[in-house]
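K.L.:
The primary structure of each chain is shown beneath.
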Amino acid sequence: MKNAMKKLLTATVALFALVTAQSALAGVKIEHWVSPTGARVYFVESRVLPMLDVQVDFAAGSMFDPPGKSGTAALTRSTLDLGAGTRDETAIAEQLADIGATLGGGADTDRASVAVRTLSAPEKRNTAIDILRNVLQAPRYDAAIVERERARTVASLKEALTRPDAIGGRAFWSALYPVHPYGRQATPESVAALTRDDLAAHHARYYTAANASITLVGDISRAEAEKIAESLAAGLPAGSAASLPVSPVVPAGSTVKLAHPASQAHVLIGLPAIERGNPDFFPLLVGNYTLGGGGFVSRLMKEVRDARGYAYSVYSYFAPLKQTGPFQIGLQTKRSQANDAIKVTRDVLAGFLKDGPSAEELAAAKANLTGSFPLRLDSNKKILDNVSVIGFYGLPLDYLDRYQANVQAVTVDAVKQAFSRRVRPENLITVTVAAD
Amino acid sequence: MRIRHLIAVLVAPWLLTAALANPFEMTLKNGLRVIVKEDRRAPTVAQMVWYRIGSMDEVDGASGVAHVLEHMMFKGTPSVGPGEFNKLVAAAGGRDNAFTSRDYTAYFQQVPKEKLAEMMRLEADRMRHLNVDPKEFAQEIKVVMEERRMRTDDNPQSKLFEQMNAVAFQAHPYRRPIIGWMNDLETMTATDAKAWYDTWYVPNNAYVIIVGDVDHKEVFALAEKYYGALEGRPLPVRKPQVEPAQDGTRRVNVKAPAELPVLIMGYKAPVLRDIEKDSDPYALQMLAAILDGHDAARFNKKLVREDKVALSVNIDYDDTARGPGMIYLSGTPSEGKTVADLESALRAEIARIQKEGVSEPELKRARAQLVAAEVYKLDSMFGQAMEIGQIESAGLPYQKLDRMLDKLQKVTAAEVQAVAKKYFTDDTLTIGILEPQPLDGKPRRPSVASRH
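Sequence order for the protein chains is W and C.
Just so we're aligned, residue 1 is where the first sequence starts under our numbering, counting upward by one.
Just so we're aligned, residue 1001 is where the second sequence starts under our numbering, counting upward by one.
Rather than coming from a laboratory, the hints here were simulated on the basis of the structure.
None of these values were measured; they are calculated from a predicted model.
Treat the hints with care, as some may be off.
Restricting the straight-line Cα-Cα distance to at most 20 Å, the calculated cross-link-like pairs of lysine to any residue (SDA-like) are [stated by the list, open to error]:
{"id": "1", "chain 1": "C", "residue 1": "Lys-1442", "chain 2": "W", "residue 2": "Ala-160"}
{"id": "2", "chain 1": "C", "residue 1": "Lys-1087", "chain 2": "W", "residue 2": "Ser-358"}
{"id": "3", "chain 1": "W", "residue 1": "Lys-302", "chain 2": "C", "residue 2": "Glu-1136"}
Chain C with its partners taken away, still in its complex shape:
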C-alpha cells in the first residue's frame, strides 16, 4: 500500500531526489541493522528498536513472557535505576512507550532532535544490560495481570477474539494470546523473564529505525558509538510450527456481560512471503478495500444502510506476518436480527463476488485511496518508522515497499474474483459468536432467539 514512486512523480516531484536515496541503511559488526529515514519537516525525531521476538516464540506454560519482559525493560540496568529510563526520556522532553505483538517487540522514543544521542545511549544500554530484579518483577507482574483484566477479561469482544484464535489455530503459537493466559502470568517468575531476555535480546536479533530531522551519516556514527560495542550471539533455532490444514468449519461461543451479540468469521488466508512471486495477498487486499474501504463500500452500503441487517460490519486482513494469515469478517446484527441472519448476509456478499466479480470503478476507487494514503502517511514520522518496522518484522525488505504498491495497483478484477473463490471456503472457516449476558445474572426479557 505504498507508492513513493507514484507520489514523487505525479504529485510531489520535489520528493523524487529524497525518494531515491532515502532511507539509508548500515549494519554494525555485531549484526545490528540501522535504518535512517531523513525527514526534515520539523525539528523532531523518532527512534524505534525492534526485536525479532514476539509471543509466537513462546512455549506452552510461558505465554505472555515476551510482553512481561517488555514491561521489565523499563526497570533498570546497572547504570540506569528502576524507573529512571522514563524519567530521562521525560527530562529530554520526550515521549516513550513500547509494544509487543505476536511477531515482534518494539520500543520507541519521540524527542526533539538534539536528544537523539541520549536516546540511543539508553536503548543500547538496555539491549544487553537489563537487571531483572525479583522485587520489581513481583510488582510488575501484578500490573500486567491488571492489564489483562482491563484489555481482555472485562472486554467481551477481546475475549471472543482470544477464544476464536485459540480454536482457529491448533499447532501454531498464534493460538495463544499475546498478553498470556492468566494462569501462566500467575506462575511466571523473574527467572523466566531473565531467561527470555538473555536468549533473545542481542543486537543480531534487532534493528533500529530512526526517522526525523537528522543526517544519516551522523546517526550512523552515533550508532557505532553506542550500539557498536554490544556483543552479538548466535540465536537458538526456531522451529517452523506449521499449522496443519483445516478440514471443516470450527465454532466457538463466548458468553459475557453485554447488550449486543458479535459475529466473527475468520478464514485462513495467505500472507506475503515473496513480494515478486506471490499474487493472492495483493488481490485479497483489494478485495478488502472493495468490501469495506469507505462508507459506501459493499458491506456498509448493503448490510448496514440498505438491508439494515447489521449495526456495523468490518473486514480485517493483514497481508504481512511471520505466521499464518487470516481474513476476518465481523459485525453486530441490528435489533430484531440474529447472528445467523448476519452470517447469511455476509455469505451472500461473498457469494456475489464469487459469482459476479467486482467492477472496474470499484477497483479504480480503491487505487485512488491508496495513492492518497501514501501522501497522508508522510504527515507522521512515527507512522513512517512503523511502516518500515512492520514490514521488516515479517521478514520482507522495506526497500520493496514501492514494489508492493505497484503490485497492488495492478490487481485485476479477475484476480479479486479468483481469491474470493479460493479462500472463502467453509473448510477453513472459524466462526466466533459473542452471546450477550445480562449484567445482574438474571435472564433478560425474551429476545430474538439466536440459532447457529
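Bound-form chain W, shown alone:
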C-alpha cells in the first residue's frame, strides 16, 4: 500500500515495464563450489561498491505444499525471520536497522528465498550474516506469532479474492494445472488450518544444505565467501534434494468465464509450455519478442494497443519453471469490448504460429536481445538475480557467456518449430474476469 501510494503521489508511469521471461549476464565471473556440508555456492566478487548481497534459495516453494495444506511454503517463509535463536522479532529488525542492513526474499512456486543486503565493512557484515544464519537455521515459529501472521495472510487472501487480476491469475493457474501442485492455491480456509508444526515440518524438510543454493555478490574475497557460505550451510540439516512431483500434462483447451463488477475485463490466454534448461527456450524467447515480449514493438502491442486502443497493457511471455511453466498472454480492456480484443489477440497469435516472425522481425529481436545484454548486469542487484537463477535451476555456468550466441543462432524455422511444439492452439486456455 505504501509503495502503491507513493507511486500515485509522485508519478503515473505511462507505459508498462517490459516483461522479460529470462535474464542473463556476461563478462561476470561466477565462481562455483559445493560447501563441505553440501550446499551449492555461487560467488561473484565485485569491489566497486562497499556492499554485499547474499541470497539463499531453497527448493521449498508452494509446489511442495503438502496436499490440503496450501499456503504452507509461503507462511513458512514469511514467519521465518520473526524470531530466531536468541533473537525475537524486534531484536532482528532493530539490529538490522542499526547497521543499515535489509532482509528480503519470499516464496514462489519453486523457490523460497532469504536475502540480505549489507555494507561490507566487517563489523556490519558480520552482524548481518549472523542474523541471516540465525534465521535460516533456528526460526522459532512462536505460536502467537504464527497465529498473528496466519490471520494477516487470511485477510490479505480474502482481499485478493475481490480483485479481478488476482481472481484471473488464480483461475488461470488452476485451469493450466488441474493435477500438478502448480495449480493449487492457498485459500483462506487452507491457511486458517495451518499450525506452527506444519511450518516447522516444512522448514525441517526443505531448508537443508542439500536443498540449498547460496549466491554471494559483492565486496568480499573468495576466502571470505567460502567462510560465509559454510557458516550458513553448516548449521542446516544435511537433508536431501527435494523430490519433484510427476510433470504437468497439458490439459485440453477450455474457456473459464468469471463474473465481476469491474469496469475492465481481465483476459489471460495460455497453457503449460516449458521447463528451465530446455533447448527450446531460446527459439521461444526470440520468437516471443516479436509476438508480445518486445515491449512497445511487439505485434500484440501494435494490433491491440496502437491500432485499436483496446488496452493499456498487452503482453506475452514464457515463464520456464522447475517443471513445465506457463506461456501466457494477458491484457485488460473495457468489459464491453473483451470479445473483440480476444479475437484480435487470437488472430495475431494464429498468424504468428503459422508463419513465425519475418526475417526483419527476427533481426530486430536479435538486435534487441543481444544489444541490451549489458543492461542485464549493470548492478549488483541484477547480477545477484541472474546468478541465483543459474544456481537454483542448475543452468550451465557459461549460460551467460553463451547467451548472445544462443540468441544469434535462432532461425525463423527454429521459432516456428519450437512454437508448434509448445503452443498448440487446441490446448489454449482462456480465462476472462468481468467480460460482458
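Fit chain C to the given chain W structure using the hints.
P.N.:
Showing chain C alone in chain W's frame:
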C-alpha cells in the same frame, strides 16, 4: 537523505575524488541544462529528459493533458514516424519509458554506452518537432482511458486516494488526479494536446540528466550538437495558486468492491523551499523513519505486532515538491477491528511522541539506515539520475543533496517532538475511508460496524 561526503570519507575513500567533481553541468544558449554524472562501473548509460511541466500546470476541464501528451511523444515527428521512436530504441538494445507526475514529465532511455548519441538525437528531435496527428490521438486517448480504468477505477485504494486529494486541496491543482478525470479525457482533443506541447516543450523548460559510463566533455559536445540548435522561447507566467489554510477536519468516504477497509489520515505539512533555512521537513523525515522506517519501528511494532489493531500501517511523506505537502498515515484494520479503532490507535502513537518525544537510539538507528541507503543507491545508475531529476523538479539544486543529508543527520529529538506537535493537528487533517462493498452487490453477512 544523501550523504556523498560521509560515504566517501568513512566507507569508500576512493569515491572522494569523483565526489568532488561529479556531476558536471553546462547550460546551452537556448537555456537547456545538461547534467552529467560519470559512473564507470558498467558499459551502460541512462539519459533522462525532464520537463518542468506536470499535472499541476493544467486547468479545470483539461485534467490529464500533461500525461496524454507524454503518450503522444511516442507518436512521431517529421523525421521519425509513429512508433518509430520505440523501434529505434529497441534496435539499439535499449529500454525506454516515460512518466508524468504532478510536478514534471520525464522521459528516459537506458542503453549500451555507444548508443547514447542516437538517443540524444531522438530526444532532441521530439523536444521541438512533435506531430500531434488527430488519428493517432484518437487511438491513444482510448489507451489512456484504459489506463485510468486499470489504475484508478478498478483499484479501490487508488480511488480513495484520488477522492481524498480532491477534498484535501480546494484551490491548489493537486486536487486533480494526474491521469485526469474520465470526462476530461473523453472531451480532450488533439488540438488540446498540441497546444500543451507548443506552450511547454521548449529547451528552457527542460533539463537533461545523463548517468553512466561516459566522459562529460564528450557528452557536452553531443548536447551542443543535437540540442544546441533548438530554439528557446519565453514561458507563460505560472500563477502560484496557493492553497488557503484549512480550518477543520475534512472527511471523505468511498465505496468500492473490496474485502478490507482502508483508512488514510492526511495532514498538511511543509516541504523544503530553502535547504539552509528550513528545518521542519528534515524533522518530519526523521519522524517518519522512527514511526515506519523498519519492521520494528513504532507503527508496525505496536499496532500490527503487539496490539494487532492493524494488518498493516504506513506513513508517507515527501519533503520535496513544487506544490504543498502532506504527510499521510494509512492502514487497514485487523479483522474484528474498525477503522475507528485504527484511527484511535494512530492518534495515540502520535500523541505519545507529542508528549514523550523520541529516544536517542531511535534517532541513531534512522541515521544508520540513511548512511547505508546512500551506498545502496549507487548500485543503480537510473536511481542516481532519478534522484537528481526529482530534486531539481522541486526547484532545489542537486548540488545541495549532500547538505540536505547533513541537515537530516543533525535533527534532534526535540525537533522531532516539536514537529509532531506542530503538524498533527485536527484542523489540517483530511480523513479518507474505503468502505468495502460485496462484489455481487448483495449485502455481506453483518460484520463489525464502522463508526466515524
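K.L.:
If a hint holds in the structure, say so; if it does not, say that too.
P.N.:
Now for the hints, and whether the structure bears them out:
1. Lys-1442/C with Ala-160/W: 19 Å, holds
2. Lys-1087/C with Ser-358/W: Measuring from Cα to Cα gives roughly 15 Å; hence the hint holds.
3. Lys-302/W with Glu-1136/C: Roughly 12 Å between the alpha carbons, so the hint for Lys-302/W and Glu-1136/C holds.
The earlier numbered hints are all upheld by this structure, with none contradicted.
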